[in-house]
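Enquirer: Those sequence lines, one after another, are chains Y and R. Here full-length UniProt numbering is used: the first residue of the first sequence is 1, the next is one more, and so on. Here full-length UniProt numbering is used: the first residue of the second sequence is 1, the next is one more, and so on.
There may be inaccurate statements among the hints.
To be verified - Just the calculated beta-carbon pair ranges, DEER-fashion:
no.	chain 1	residue 1	chain 2	residue 2	range
1	Y	Asp90	R	Gln200	56 to 64 Å
2	Y	Gln83	R	Phe97	49 to 57 Å
3	R	Pro219	Y	Ser181	34 to 42 Å
4	Y	Ser60	R	Gln111	27 to 35 Å
5	R	Gly141	Y	Tyr58	25 to 33 Å
6	Y	Glu215	R	Arg89	35 to 43 Å
7	Y	Ser54	R	Pro219	52 to 60 Å
8	R	Val110	Y	Asn179	34 to 42 Å
9	Y	Thr23	R	Asp114	31 to 39 Å
10	Y	Thr55	R	Glu139	12 to 20 Å
11	Y	Gln174	R	Glu218	39 to 47 Å
12	R	Phe97	Y	Tyr58	49 to 57 Å
13	R	Gln229	Y	Lys39	50 to 58 Å
Unchecked claim - Sample of chain R residues facing chain Y (criterion: CB under 10 Å; computed from the structure):
no.	residue
14	Phe2
15	Tyr99
16	Pro104
17	Asp138
18	Glu177
Simulated from the structure, these hints should not be mistaken for laboratory data. Every value quoted in this text rests on a predicted model; they were computed, and no experiment measured them. Glycine included, C-beta positions come from ideal geometry on N, C-alpha and C.
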Amino acid sequence: MQFTASKQTENCLLGPESDSQRTLYPYVTGTSVVALKYKDGILMAADMGGSYGSTLRYKSVERMKPIGKHSLLGASGEISDFQEILKYLDELILYDNMWDDGNSLGPKEVHNYLTRVMYNRRNKFNPLWNSLVLGGVKRGEKYLGTVSMIGVNFEDNHVATGFGNHLARPILRQEWHENLSFEDGVKLLEKCMRVLLYRDRSAINKLQIAKITEEGVTISQPYSLKTYWEFSAFENPTQGAVGSW
Amino acid sequence: MFRNQYDTDVTTWSPAGRLFQVEYAMEAVKQGSAAIGLRSKTHVVLGCVNKANSELSSHQKKIFKVDDHIGVAIAGLTADGRVLSRYMRNECINYSFTYESPLPVGRLVVQLADKAQVCTQRSWKRPYGVGLLVAGLDESGAHLYYNCPSGNYFEYQAFAIGSRSQAAKTYLERRFESFRDASRDDLVKDALMAIRETLQGETLKSSVCTVAVVGVGEPFHILDQGTVQQMIDAFEIVAEQEGPAAEPDADAGQEASAEPEPEQGAAAGEGVAPMDI
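With the hints as extra help, turn the sequences into a complete structure.
Expert: This is the structure:
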């Protein structure tokens, strides 16, 4: 019989599970998700990249998924944890449908359920390493909210995760207004995604835009944004560089 | 119902395929003081007869608020009713906490019924001896359910349980078609009329009954005695004006009820027995 040195003595706070059972750091991650409310519902955009550290390893990761009849979930952070969340939600929606009684879980309910899940995991020092964006429409009411890996949650007219908070939100604060048309909403989202593409190292030029309205969810085919690199400063980048020796 | 050799255990079937203990539990409901419920498209009203044991004691609480959108009236073993109300309140508050949304009353009622069923299939338990009239609102509108000790539940437009509830049921059967589109106040008046039927001649006063309302834009609450007495006074006067108090169709706009035929015809020609006058 083999006895392995127990790690329990080092850190009694964490209970009987050994460290290999807790999330310590993320491995395959997705970058920003940006979303806004528009006239008919919610528009959400995310690129299709799954980074493995600084390597852009996977380039066809769908980071937005429909949930039930009324909601759309976008995630950044650890992709495997996102898949786990989708499993939980699948079960939740299944049991909701099985009641078959004319009641259904709307985006507000799903958002709150996710908040509870994320916060409880955080309390056990075993977080789901994601920042989630939950949008939807139910009975004409538009809903857009976000939950972080530590359980911080709120609703707003436009939300973003990760770098999106720093690069996209300021643009949205200036240019978002009530009752955007679909075309204007997409243009605004593309503007945000373009900035993220230029400035976020983990962004790739392959994105999807999803829309959710009373009728349902549509997720576009992947496409890329036009970018401009012909700035004169890029022609001879080392010209003005000062050497250090 | 007479004693027999199959009625000792809830887990014993009789040769006729009956569980006598469950049926005895339903008898307990019939012995409790009356409770009635009726609903329209947007409101549900619950009422019950509240007889105190003596003048010195207080009334027993038979109507419970379960959540802002759900309330329950009980008849039978009120202690069992209290415990089940606590369970219902717990379920509602847990759902609200997780989903920030009110628990649909239809789902609560199924959970309650499943809980009652368990007690009909364990040898170390007994069925709950209380019938519950659950009134609530959800996405699909206003609902009234009746939960039995047997673990069955039914949805009703109007119903009455407890002792002398048959008189109230007869009244409700005659009038239920008008309930769907009735105003909130008319619904409360109908509830008070139905309670009066169960009192069999005793004067209807706010001290012997309790009335509660829940509706769209109106959280569940028990009406205070003053309001109830006012409503009683309002329609008792109208009843006197109608002549002999034989048929208490006292609402404004109802034709004089000398002929019960047109109303029975309206009641889907089901052959409802005319009320004994």
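Enquirer: Please go over all the hints and tell whether each is borne out by the structure.
Expert: Right, here's what the structure says about each hint:
A hinted range of 56 to 64 Å holds for the C-beta pair Y:Asp90 and R:Gln200, which are about 57 Å apart. Restraint check, Y:Gln83 to R:Phe97: a C-beta distance of roughly 27 Å breaks the suggested window 49 to 57 Å. At about 39 Å, the beta-carbon gap between R:Pro219 and Y:Ser181 stays in the expected band of 34 to 42 Å. About 43 Å separates the C-beta atoms of Y:Ser60 and R:Gln111, a value inconsistent with the hinted range of 27 to 35 Å.
The supplied range of 25 to 33 Å is broken by R:Gly141 and Y:Tyr58, whose beta-carbon atoms lie about 48 Å from each other. The hint said 35 to 43 Å for the Cβ distance between Y:Glu215 and R:Arg89, and at roughly 38 Å that hint holds. Separation of Y:Ser54 from R:Pro219 is about 56 Å and conforms to the stated range, judged on CB atoms against 52 to 60 Å. Checking the proposed 34 to 42 Å range against R:Val110 and Y:Asn179 shows it holds: the Cβ atoms sit about 41 Å from each other.
Checked against the hint of 31 to 39 Å, the C-beta distance between Y:Thr23 and R:Asp114 comes to roughly 36 Å, which is consistent with it. For the pair Y:Thr55 and R:Glu139, the supplied restraint of 12 to 20 Å is violated, since their beta-carbon distance comes to about 48 Å. Under the hint 39 to 47 Å, the C-beta atoms of Y:Gln174 and R:Glu218, about 43 Å apart, fit the expected range. Between R:Phe97 and Y:Tyr58 the CB atoms are about 37 Å apart, so this pair departs from the stated range of 49 to 57 Å.
Between R:Gln229 and Y:Lys39, the C-beta spacing of about 53 Å keeps the proposed range 50 to 58 Å intact. Interface hint status for R:Phe2: violated, as the beta-carbon distance to the closest one in chain Y is roughly 41 Å, over 10 Å. A hinted interface residue such as R:Tyr99 counts as satisfied when its beta carbon comes closer than 10 Å to some beta carbon of chain Y; here the least separation is about 4 Å, so the hint holds. Interface hint at R:Pro104: satisfied, since its Cβ lies 4 Å from the closest Cβ of chain Y, which is below the 10 Å cut-off.
The beta carbon of R:Asp138 is positioned within 10 Å of a beta carbon in chain Y (closest approach about 6 Å), and the interface hint is therefore held. For the restraint placing R:Glu177 at the interface with chain Y, the shortest Cβ-Cβ distance is roughly 23 Å, beyond the 10 Å limit, so the hint is violated.
Violated hints, listed in ascending order, are 2, 4, 5, 10, 12, 14, 18; each of the other numbered hints is respected by the structure.
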